[in-house]
Structure formats: C-alpha cells, structure tokens
Amino acid sequence: MSIEQLEETAQAMVAPGKGIIAVDESNATIGKRFAAVGVENTEEHRRAYREMLLTTPRLGEHISGAILYDETLRQATRTGVPFTRIMTEAGILPGIKVDKGPVPLAGFPGDVVTEGLDGLRPRLKEYAALGAKFAKWRAVIAITEDTPSGTCIESNCHALARYAALCQEAGLVPMVEPEVLMDGSHDIDVCYEVTEATLRSLFSALYEHGVMLEGTILKASMVIAGKDCREQADVEDVAEATLRCLKSTVPAALPGIVFLSGGQSDEKATAHLDAMNRMGSKPWPLSFSYGRAMQQAALRLWAADMTGNFAKAQQTVFQRARDNGLAAMGRWKG
Numbered sequence: 001m002s003i004e005q006l007e008e009t010a011q012a013m014v015a016p017g018k019g020i021i022a023v024d025e026s027n028a029t030i031g032k033r034f035a036a037v038g039v040e041n042t043e044e045h046r047r048a049y050r051e052m053l054l055t056t057p058r059l060g061e062h063i064s065g066a067i068l069y070d071e072t073l074r075q076a077t078r079t080g081v082p083f084t085r086i087m088t089e090a091g092i093l094p095g096i097k098v099d100k101g102p103v104p105l106a107g108f109p110g111d112v113v114t115e116g117l118d119g120l121r122p123r124l125k126e127y128a129a130l131g132a133k134f135a136k137w138r139a140v141i142a143i144t145e146d147t148p149s150g151t152c153i154e155s156n157c158h159a160l161a162r163y164a165a166l167c168q169e170a171g172l173v174p175m176v177e178p179e180v181l182m183d184g185s186h187d188i189d190v191c192y193e194v195t196e197a198t199l200r201s202l203f204s205a206l207y208e209h210g211v212m213l214e215g216t217i218l219k220a221s222m223v224i225a226g227k228d229c230r231e232q233a234d235v236e237d238v239a240e241a242t243l244r245c246l247k248s249t250v251p252a253a254l255p256g257i258v259f260l261s262g263g264q265s266d267e268k269a270t271a272h273l274d275a276m277n278r279m280g281s282k283p284w285p286l287s288f289s290y291g292r293a294m295q296q297a298a299l300r301l302w303a304a305d306m307t308g309n310f311a312k313a314q315q316t317v318f319q320r321a322r323d324n325g326l327a328a329m330g331r332w333k334g
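The opening position of the sequence shown corresponds to residue 1 in this note's numbering, with each subsequent residue numbered one higher.
No lab work stands behind these hints, which were simulated from the structure alone.
Treat the hints with care, as some may be off.
Said to hold, decoys possible - Calculated cross-link-like contacts (lysine-lysine; reagent style PhoX-like; alpha-carbon spacing at most 25 Å):
id, residue 1, residue 2
1, K312, K247
2, K312, K282
3, K282, K247
4, K247, K268
5, K32, K100
6, K333, K282
7, K32, K227
8, K333, K312
9, K32, K268
10, K268, K282
11, K227, K268
12, K32, K312
13, K312, K227
Unchecked claim - Have a look at the derived ranges for each label pair, beta carbon to beta carbon:
id, residue 1, residue 2, range
14, G280, Q5, 15 to 21 Å
15, G107, R200, 36 to 42 Å
16, P122, D187, 25 to 31 Å
For glycine and all other residues, C-beta sits at the position ideal for the given N, C-alpha and C.
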C-alpha cells in the first residue's frame with residue numbers, strides 16, 4: 001500500500017465528528033469485566049457481546065473504526081456474517097491489537113516493556129488479509145517515586161517505532177499508544193513532565209525508523225493528576241495542559257490524535273475532549289479511542305438481560321458515540 005493510501009486511511013480514522021471504539025480486551029481482561037456484572041467468560045458470550053457493540057444501528061455516524069482482539073477479528077454474527085463485513089458496510093474501519101502486553105523490564109524494578117515484535121511481520125500480513133486496515137500497540141508508562149526510568153521510556157518507544165515501521169510495510173496504519181498511567185498519587189505537573197519526555201522520545205524513534213507520520217495515528221493519554229492525588233485539576237486545566245504538551249512535542253504532519261480514557265469516568269473523558277476542541281486552532285484533529293468509557297453502561301444493561309436488553313444496550317452505545325463525536329468537534333453540551 002502506498003503512503004497516499006495509508007494517509008487516506010489515517011485521515012478517515014479522524015474524520016470530523018468521528019472516533020474509534022476500542023473492543024480489543026484480551027480474553028482475561030474481558031473476563032474480569034464480565035465477572036463484575038455476573039457474566040460467564042465463554043467464547044459465545046464474548047462473541048455475543050461484541051456483536052451487540054459492532055451491530056449498533058447508525059454506529060458509523062460517529063465511529064470511524066474499531067480496534068479488535070485477534071479472536072474478534074475472526075468472529076461473525078449469530079447468523080454467520082463476519083464482523084469485518086458488518087463493520088465495512090457501516091463505514092467502520094476494522095483495526096487489530098497486535099502487542100502481547102507488558103512484562104517487567106530487566107534491571108529496572110517497577111518498569112515494564114511491551115512484547116510482541118517476534119513474529120509480528122507474518123501476523124500483520126495475516127491480519128491485513130483478514131480485513132484489518134490499522135493496528136494498535138500499547139506501551140505502559142507508570143509513574144511512581146522510582147519510575148519511569150529513561151531506559152523504560154526509550155525501550156518502549158523503540159518498540160513502538162519498530163512496530164509502526166512493520167505496520168506500514170504491511171499496508172496497515174499504525175496507531176502508536178504510549179499510555180502514561182493514571183495510577184498513583186502524582187500531580188498534574190509530574191504527569192506533564194513524563195508525558196512530554198515520552199512523546200519526545202516516541203517521535204524521535206519514529207523518525208529514526210523511517211516511519212511516515214502522514215500514515216500514523218497517535219493514541220495519547222491526557223495530562224492529568226494520578227487518581228490518588230489529593231488535588232485533582234479541573235476540566236479546563238487538564239485540557240490546557242494536555243494541549244500545551246501535545247503542541248510542544250507532536251509534529252504537525254501527523255493526521256490526528258485520539259485519546260484513551262485511561263480510567264476516567266465516561267463523562268469526564270468526554271468533557272476533557274470537548275474542552276480541548278473548544279480551545280482554538282490546532283495542527284491536527286483531536287478525537288477519541290475509548291474502551292470502558294464507551295462500553296461500561298452498555299455492558300451493565302446487556303449483562304442484566306442479554307436478549308431483552310440488547311436494543312437498550314445498543315442505544316447506550318450510540319449515545320456515547322454521539323456524545324464523544326460532538327466532543328471531537330467541541331460541540332458537546334454536557
């Protein structure tokens with residue numbers, strides 16, 4: 001695929017008023033969420049739940065793409081229609097999570113590095129053949145008194161760059177996700193420093209590996225105080241700090257930035273995105289790539305009565321998509 005085609009896909013991912021829904025929980029992670037609402041973690045229940053999400057009527061009006069897990073990319077509706085066909089017909093680009101999760105970084109207690117580069121080239125080729133148009137890799141940066149180390153940041157950004165180069169070779173748009181976790185008691189200023197250092201390292205690594213930014217999407221965490229910090233910044237302060245950090249580190253050539261919710265409440269994640277988009281002109285579109293903040297309310301409804309609440313749960317998914325689509329244009333009314 002040419003850089004022009006990659007660029008076209010990347011731009012479609014951040015089309016005005018649209019964002020990405022993350023449906024890429026591993027079987028273990030979805031199992032924890034199912035357990036919290038009393039649903040057994042079986043393959044059929046996972047398939048049925050993902051069908052509820054992906055077949056939501058009019059979802060494509062506000063959702064440009066969906067990040068899937070390996071199992072989900074291969075699944076179909078109860079009537080046998082592949083999810084990828086359902087998505088494509090709705091104007092939703094299929095994406096795929098390709099990393100294999102974080103493991104301890106040897107020699108640096110408390111730090112982790114994401115694995116999954118071994119064998120990635122043939123996996124990407126297979127995913128492209130199955131209909132994927134973009135891929136996602138998540139790096140995890142934790143803030144404590146002793147972390148992150150410079151080595152942690154550099155190692156994760158190096159892996160993100162290698163992954164991104166392999167994606168573009170395979171004709172897939174790479175979504176690079178260096179998540180600075182909300183866990184901890186750090187304040188917003190510390191989060192700013194770590195996020196700034198991480199993004200500087202990331203774009204340096206992408207440049208060194210020949211990654212074409214025009215065909216790349218950044219999935220970013222917001223600059224926000226740790227969830228255990230006694231002093232929580234208000235919506236405007238989070239939006240201002242996040243935007244200032246991005247403007248100082250992210251090249252204008254990037255087609256767009258989508259935010260992860262990272263443990264924020266549904267409404268806070270939407271409010272922060274909306275506030276940023278009300279703050280004047282920016283070099284790139286700012287949109288969303290939410291998982292829990294898109295799914296939580298719908299999961300509770302669906303779990304209570306998988307058949308009887310199917311349509312109600314889908315209405316909730318659509319409402320969350322619409323709210324975040326409006327926030328991506330700075331038009332959400334709260």
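*Given the hinted pair K32 and K312, is their alpha-carbon gap at most 25 Å?*
holds (23 Å)
*Taking 15 to 21 Å as the hint, is the beta-carbon distance of G280 and Q5 inside that range?*
violated (32 Å)
_Check the hint pairing K227 with K268 against an upper bound of 25 Å on the C-alpha distance._
Holds, at about 13 Å.
_K312 and K227 were given as a pair; does the straight-line alpha-carbon distance stay at or below 25 Å?_
violated (31 Å)
*Holds or violated: are the alpha carbons of K312 and K282 at most 25 Å from each other?*
violated (37 Å)
*Is the Cα-Cα distance between K32 and K100 25 Å or less?*
holds (18 Å)
_Distance restraint hint 25 to 31 Å, applied to the beta-carbon atoms of P122 and D187_ = violated (44 Å)
*Starting from K333, check that the Cα of K312 is at most 25 Å away, please.*
Given pair K333, K312 holds - Cα atoms ~23 Å apart, limit 25 Å.
*asked:* Within 36 to 42 Å: is that where the Cβ-Cβ distance between G107 and R200 falls?
replied: violated (23 Å)
*Pairwise hint evaluation, K282 against K268, where the allowed Cα distance is 25 Å at most*: holds (21 Å)
*Quick one, are K282 and K247 close enough, alpha carbons at most 25 Å?*
Holds, at roughly 8 Å.
*Keeping to a limit of 25 Å between CA atoms, is the pair of K312 and K247 held or broken?*
violated (40 Å)
In terms of the numbered hints stated before, the structure departs from hints 1, 2, 13, 14, 15 and 16, listed from lowest to highest.
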